[in-house]
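> One-letter residues, chain by chain:
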Amino acid sequence: MIEFLKQPWPWYVAGPMIGLTVPLLLIIGNKRLGVSSSLRHICAACAPLKIPFFNYDWKKEAWNLFFVGGILAGGFIAATFLMNGQPINIDPHLVSEYSAYGIHDLHSSVPAELFNWHQLLTARGLIMIIGGGFMVGFGTRYAGGCTSGHSIMGLSNLQLPSLIATICFMAGGFMMSNLLLPFILKL
Amino acid sequence: MNNTTQAEMEIEPGIETNTDFEVSSLDEMCINESTLHHPWWFNLKYLFTGILFGIILVKSEVISWFRIQEMFHLASFHMYGVIGSAVVTGMISVFIIKKFNIKTIYGEKIEFHPKKMNKGQIYGGLIFGFGWALTGACPGPLFAQIGTGALVVIVTLLSAILGTWVFGLLREELPR
Numbered sequence: 001m002i003e004f005l006k007q008p009w010p011w012y013v014a015g016p017m018i019g020l021t022v023p024l025l026l027i028i029g030n031k032r033l034g035v036s037s038s039l040r041h042i043c044a045a046c047a048p049l050k051i052p053f054f055n056y057d058w059k060k061e062a063w064n065l066f067f068v069g070g071i072l073a074g075g076f077i078a079a080t081f082l083m084n085g086q087p088i089n090i091d092p093h094l095v096s097e098y099s100a101y102g103i104h105d106l107h108s109s110v111p112a113e114l115f116n117w118h119q120l121l122t123a124r125g126l127i128m129i130i131g132g133g134f135m136v137g138f139g140t141r142y143a144g145g146c147t148s149g150h151s152i153m154g155l156s157n158l159q160l161p162s163l164i165a166t167i168c169f170m171a172g173g174f175m176m177s178n179l180l181l182p183f184i185l186k187l
Numbered sequence: 188m189n190n191t192t193q194a195e196m197e198i199e200p201g202i203e204t205n206t207d208f209e210v211s212s213l214d215e216m217c218i219n220e221s222t223l224h225h226p227w228w229f230n231l232k233y234l235f236t237g238i239l240f241g242i243i244l245v246k247s248e249v250i251s252w253f254r255i256q257e258m259f260h261l262a263s264f265h266m267y268g269v270i271g272s273a274v275v276t277g278m279i280s281v282f283i284i285k286k287f288n289i290k291t292i293y294g295e296k297i298e299f300h301p302k303k304m305n306k307g308q309i310y311g312g313l314i315f316g317f318g319w320a321l322t323g324a325c326p327g328p329l330f331a332q333i334g335t336g337a338l339v340v341i342v343t344l345l346s347a348i349l350g351t352w353v354f355g356l357l358r359e360e361l362p363r
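Protein sequences, first through last, are from chains Y and F. Okay, so the first sequence: first residue is 1 according to the numbering used here, each after it adds one. Okay, so the second sequence: first residue is 188 according to the numbering used here, each after it adds one.
For the record, the hints were derived by calculation from the structure and aren't laboratory data. Careful, some of the hints might be misleading.
[Unchecked claim] Covered by chain F, per the in silico footprint, the following chain Y stretches (three or more residues, Cβ under 8 Å):
1. 20–30
2. 86–98
3. 118–130
4. 147–161
Glycine included, every Cβ here is placed at the ideal spot set by N, Cα and C.
I would like the entire structure built from these sequences, with the hints used as guidance.
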């Protein structure tokens, strides 16, 4: 059993489990799945200043902070107890494409050669780590949700705005990954 | 009799004071307006749900930067399979909840809020898409990646919080 759990889980196991988080959160407390809101609650808790967008009772949404704290702990548990130490098995064409940019280590969730403290001081690291993070936070709030809130919860509830948002998430990703990322990786 | 009246009077102010509707109009998707008041440790159930969610995110490899690039290169079905089957499972679940009027474990009616259409889904969606391909992470995986020991992602997360804050600051100036 534990050996089975240590292998990567196939999509048809993991996907439905992610989907079941939707009814689970609804039934245990009328909560709608969403992660990016937690970033807003953190802003509201730490630096609301006089900005109307952050002046609300964030403590009423504390569940969301417990939820993301759980995701962090879950990541730790999975990495500590449920890993078999094998590199990720991705498309060989991509492996050779990225090795041309000096990315060889396929063991971590993020490429170790790109996402490390030294890279933070390079143009490439600055764009990918700080710029990328900024766009994730800014874009998700502008869009009113992220992959969980729009693509999973919103689409589950048949919301057209969520479908539009999801299409734009994908369109932006395709553009960045195919057109711009190759130039950024060369920096 | 007297007890019932007292109990009702205790519940009543809770409903009356719940006038935090502005939050909802700003962002309906993830905001909850339950009138039930629970002690803080009731939130521990969300911690456990989060732990489960985090483990699934790691084991399905959707937190992997490489899997994200693979998805955007149409080089593998994996990510589409995960997201697609998650959406189908969610849709069926929501349909069942609505059809059979399933209540929460506290007997509350389960509420769904329709999402308002605005330009944010397009502009914000594209901006998030750029960030997603750069970092290999949406907000959930950011937390999970940190948990797996990729500690520099803490900087990505802080930057994402800053991005959210700057959005809040500029919100009135942006096209909507």
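> For every hint, state whether the structure bears it out.
Status of the hints after comparison with the structure:
A stretch counts as covered by a chain when three or more of its residues have a beta carbon under 8 Å from one of that chain; for the stretch 20–30 of chain Y and chain F the count is 11, and the coverage holds. Judged by the Cβ-Cβ criterion of 8 Å, the stretch 86–98 of chain Y is covered by chain F as claimed, because 6 of its residues qualify and three suffice. Counting residues of the stretch 118–130 of chain Y whose C-beta lies closer than 8 Å to any C-beta of chain F gives 6; at least three are required, and the coverage claim holds. By the rule of at least three residues with a Cβ nearer than 8 Å to a Cβ of chain F, the coverage given for the stretch 147–161 of chain Y holds, with 15 such residues.
Checked against the numbered hints given earlier, the structure satisfies every one of them.
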